[in-house]
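There are 2 protein chains.
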Amino acid sequence: MADAGRRFRWLPASDWLASYNREQAAGDTLAAIIVTILLVPQGLAYAMLAGMPPETGLYASILPLILYALFGTSRTLSVGPAALTSLITASAAGTLAQGDPQLFIQAAIGMGLLSGLFLVAMAILRLGWLTNLLSHPVITGFISGCAILIAASQLKHLLRIDASGEELVTLAQTLAQQLPQTHWLTLAISLIAIACLLIPKYLATPLKATRLPGWLVAFISKCGPILAVLVTTLLTVSLSLDSRGLAVVGAIPAGLPQFTLPGLGREHWQSLITPAALLALIGFVESISLAQALAAKRRQRVDANRELMGLGLANIGSGLSGAFAVTGSFSRTTVNYDAGARTPMAGLLTGIGIALVALFFTGWFHYLPLASLAAIIVVGILPLINLSELKHLWAFSRPDALAMAATLAGVLLINVQSGLLLGVVLSVALFLWRTSQPHVAELGRIPGTHHFRNMDRHSVELTEEVLSIRVDESLYFGNARTLEDRIYDEAQAHPQIQHVVLHCSGINHLDASAMESLESLNERLKNAGVTLNLSNVKGPVMDVLVKTDFPKVLTGRVYLSHYQAMEVLAPDSLQEQDPDA
Amino acid sequence: MADAGRRFRWLPASDWLASYNREQAAGDTLAAIIVTILLVPQGLAYAMLAGMPPETGLYASILPLILYALFGTSRTLSVGPAALTSLITASAAGTLAQGDPQLFIQAAIGMGLLSGLFLVAMAILRLGWLTNLLSHPVITGFISGCAILIAASQLKHLLRIDASGEELVTLAQTLAQQLPQTHWLTLAISLIAIACLLIPKYLATPLKATRLPGWLVAFISKCGPILAVLVTTLLTVSLSLDSRGLAVVGAIPAGLPQFTLPGLGREHWQSLITPAALLALIGFVESISLAQALAAKRRQRVDANRELMGLGLANIGSGLSGAFAVTGSFSRTTVNYDAGARTPMAGLLTGIGIALVALFFTGWFHYLPLASLAAIIVVGILPLINLSELKHLWAFSRPDALAMAATLAGVLLINVQSGLLLGVVLSVALFLWRTSQPHVAELGRIPGTHHFRNMDRHSVELTEEVLSIRVDESLYFGNARTLEDRIYDEAQAHPQIQHVVLHCSGINHLDASAMESLESLNERLKNAGVTLNLSNVKGPVMDVLVKTDFPKVLTGRVYLSHYQAMEVLAPDSLQEQDPDA
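Residue numbers (our numbering), protein chains in the order written: chain B, 6 to 586; chain Z, 6 to 586.
Isolated chain B (complex conformation) (with noise of 0.2 Å):
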């Protein structure tokens, strides 16, 4: 068995297909009829989103969905369009395009697949690692700015005004000047289709409470979207409203997608690859999260590579599909496990259904209002607005909050992606100005005991001759040049001293230029008269000391706790109050 998992470890399916029974196959066939029938409008919803034709919200939910399902390793992850990174596509296809309606969808697709394929190289050189630079509050901050940013966007569909800006002033702007040409019969259209939506949402605590079956529960809860499209639809096919102005989808052509390469030239291509990393990255993100938060609930494990590898291929499908990028939905998801579906191929079956959808139901859409998607989308976008964090951070890490009030004000005022890079490279550096700055302490004994403690934090005995400092940071050339200065003037501050001691519990690593310093330390120290000794160095620290020439050279010694430092260095003030003496 090791041995096959081995060998088709970038076939995944083969670990659950293997033992597919009837009983798993029964809730994954109710999970795929119900997740369509949900993925249906989100994905002409997002399509809209994206700046993309309506059909290309089918496509992207049907090759991704089957290459997901065999090479994806979460089992009910629902992958597929959604907001965040609908709303990226959009942005930086626009930037690209300036106004050229073809080349904006051609840049979409190309996005989708250069971002398929940012995955799949990061799964081959197992870069997953990479994922970490987005920080929790960089996270925050981007969609809870992307979701305030769709919002306003989509209230044109709900108004039918004419607004637009890629970012929120212009959008603004735009928006309060269009204001007064509101269209009355779009905005009672919005109201109803989000009415719609909200009803189900708000029946969910009290149907709990009955009998019904929990996947029933779950469906209701959820069918919000089915139903506003339905009784939009019904509306407008019954009253003629489309006529009346009120923006539909309109034809979508019936079929399969054709399988082409985006026309783009070079330049196009270069200009693409910053957006699509930052596409790739966001995408994984959130997909993996998911897919954590799901494996934890059933002990079950995601290994990130893999699932790199899986998203990967399910984004390159999706652009060779004519489509862009997918990532996990969260809301699908929920709907699909609680509906039953135990293994991936409840994915499987959903790609499938849409392809029916795509082949044979289109025409059941040509009806549906605009405003009807649009309201799908703010009403799942708004819960995403999580502006108290900022509040919680700040109490809690003024760096952390730095980094999400930046992230949210460069996506809101310069465009999505320049506000995750503005993000990333400040929470960089603050961590790295953070690092440069460790927390040193100078230590003293607590009486009676073999502790030394922070003098600052504890009542401890301190001694004439030696000087105790401990650094609560791994050495490193970020900090390397400030903490010898810092030793050395705590050394230079104390005349009588003949022996510094530096307890290196919390270094956890020493790089070559933390060398270079501890021997210029050292050195410094040797011509004040002064020694430099270590005590608790850590095992891998060690490792890394003896293969350099400073044990030879350094002055003092290496202790392998602080107590037998001060034994040797001065034994006279255990002695003295030392009550055991």
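Don't read these hints as lab results, they were simulated from the structure. It is possible that part of the hints are untrue.
You can't tell identical chains apart in this list, so a pair holds if it fits in one copy or across any two.
What the hints assert, rightly or not - SDA-like, lysine to any residue: derived pairs with alpha carbons at most 25 Å apart:
#1 K206 / L235
#2 K396 / E521
#3 K161 / R491
#4 K396 / A411
#5 K206 / S248
#6 K206 / T279
#7 K206 / P218
#8 K557 / L16
#9 K213 / G544
#10 K161 / S464
#11 K552 / P404
#12 K161 / I197
#13 K161 / P218
#14 K552 / I225
#15 K396 / G544
#16 K531 / V563
#17 K531 / Y568
Following the hints, position chain Z against chain B.
Same frame as chain B, but now just chain Z:
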């Protein structure tokens, strides 16, 4: 006094001027005379290296020295033209000017001015820690690469052939092509100059054994440049070698610099920003390292932020004088100190000395061969090539070796700025990578003690119910998710455990992403029926933890020591095997 110090904190000269005495004046005057004599040929040589007219080498040695004497903090550092900063100037100005000689000069002046402004801004914003971004391996790789490039670029003057190229491959190709055109008379003068440069160096050791005063020995051992200038100029004049094809400095306009601003357009300034920032960092690192080494010998102290101000004003002064960037010079600083300089007055007097040369003695350098200047540069720069460090680093730390190799290769094969930037970016990326993969140890108890150590390194006792894990790294966004997974997987691998105790002695910080991961780990373990406990939490980390809800949701407890945790969670394991029981 403390108050006065505070009032004049940007004019450190007030510190030493108040107690200036006759003895100091005598030492400073002698040092100034000697350094002036040494600085003239060096200034001309570094102007040639920077691609600037010879008089700018003098201009860079007047006002900058006077400003540094007033505002710098190092007492004997000799500021002025230097090899690395001249090379960076030549490279960046060459890239901008694209062959336009007038634009080249303006760009070089702009670089000096801009890097001075950066340094002053860094002083005001207290950004001295930014120089920590230049790790020791990156600096070593950068200096070695520059030294090789400089030496190769000077061959054209040593052989009087026509070769150029910003990177080593082009340079080597054109040199190889032009080699047959070697001008033999120039080569002969070059060899004579090199002999003049090397002989005094080798005399230093035997002279030290004599009774000659120290300053004279120091001067003789460093007087090679003066000897080379004297001998080759006299040969040129007496044999009219310039009429036989030997290139000489030619007419240098007499007089003091005119103060002007460089004539550059907005886009020129913009394209100089990055190289000027790198120039500022490199110049400052060179200067501060030297200043700190000097201060340590005399138990003095250098304040990085005030030093930034001093060097920044010196560079602004150089730019306003129509000259190029300056920094601390190792060779002249040694001579300055050995010749008796005790206060910055020596630097001030040197500046006045060079001003006198610029006013009255420029004619003396008309017949100075360019080959002699090239020889001064090459002999000065060759000892800086330190390729063996690469081998040394490889044995000690692969990431450090990689950073040095990348910097070296970038400098040699692309250009100096790109090489430096590559090194900085790579060392930050490698640091993030390393901290994203921390050392995690499973702990056991050393029998009969209160100590818990890594089971892979020590012979320890393990318990069935409790998993003890120590993480040797601060938790931050770069490793939070990875660690969460590793600890969870570790717990999954021991199905019989009921408690996880996280030994936190190596955790120096927690950021918001880490808190998120700890909460998620707590939740995941709870779903698996396992409690999460913490032990040995450091003070600063505990301060952060209590600000959050985490202690309330934690399924286990926070224990002061690991032993206490085991006493509560697995008391049997301690009693059974405790030899004292």
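Results for each hint:
1. Taking identical chains as interchangeable, the C-alpha atoms of K206 and L235 lie at most 25 Å apart only when both belong to the same chain, with a minimum of 17 Å there against 93 Å between chains.
2. For the identical chains of this complex, K396 and E521 are inter-copy neighbours only, at 16 Å across copies versus 42 Å inside a copy, given an alpha-carbon limit of 25 Å.
3. With identical chains, the CA atoms of K161 and R491 are never at most 25 Å apart, being 59 Å at best within one copy and 47 Å at best between copies.
4. With identical chains, the CA atoms of K396 and A411 are at most 25 Å apart within one copy only, with a shortest distance of 14 Å there and 42 Å across copies.
5. With identical chains, the CA atoms of K206 and S248 are never at most 25 Å apart, being 32 Å at best within one copy and 96 Å at best between copies.
6. Proximity of K206 to T279 under the C-alpha cut-off of 25 Å is found in neither arrangement, the shortest distances being 38 Å within a copy and 54 Å between copies.
7. In this homomeric assembly, K206 and P218 come within 25 Å of each other (Cα to Cα) only inside a single copy, at 17 Å, whereas the closest approach across copies is 93 Å.
8. For the identical chains of this complex, K557 and L16 are neighbours neither inside a copy (54 Å) nor across copies (42 Å), given an alpha-carbon limit of 25 Å.
9. Taking the shortest Cα distances, K213 and G544 never come within 25 Å of each other, neither inside one copy (55 Å) nor across copies (46 Å).
10. Taking identical chains as interchangeable, the C-alpha atoms of K161 and S464 are never at most 25 Å apart, the minima being 66 Å within one chain and 70 Å between chains.
11. When the C-alpha separation of K552 and P404 is checked against a cutoff of 25 Å, the pair qualifies only between copies, where the shortest distance is 15 Å, while the shortest distance within a copy is 37 Å.
12. With identical chains, the CA atoms of K161 and I197 are at most 25 Å apart within one copy only, with a shortest distance of 17 Å there and 82 Å across copies.
13. Taking the shortest alpha-carbon separations for K161 and P218, neither the intra-copy value of 40 Å nor the inter-copy value of 87 Å comes in at or below 25 Å.
14. Taking the closest pair of Cα atoms, K552 and I225 never come within 25 Å of each other, the shortest separation being 66 Å inside a single copy and 40 Å across copies.
15. In this assembly of identical chains, the alpha carbons of K396 and G544 lie at most 25 Å apart only when taken from different copies (24 Å versus 41 Å within one copy).
16. In this homomeric assembly, K531 and V563 come within 25 Å of each other (Cα to Cα) only inside a single copy, at 16 Å, whereas the closest approach across copies is 42 Å.
17. In this assembly of identical chains, the alpha carbons of K531 and Y568 lie at most 25 Å apart only when taken from the same copy (23 Å versus 39 Å across copies).
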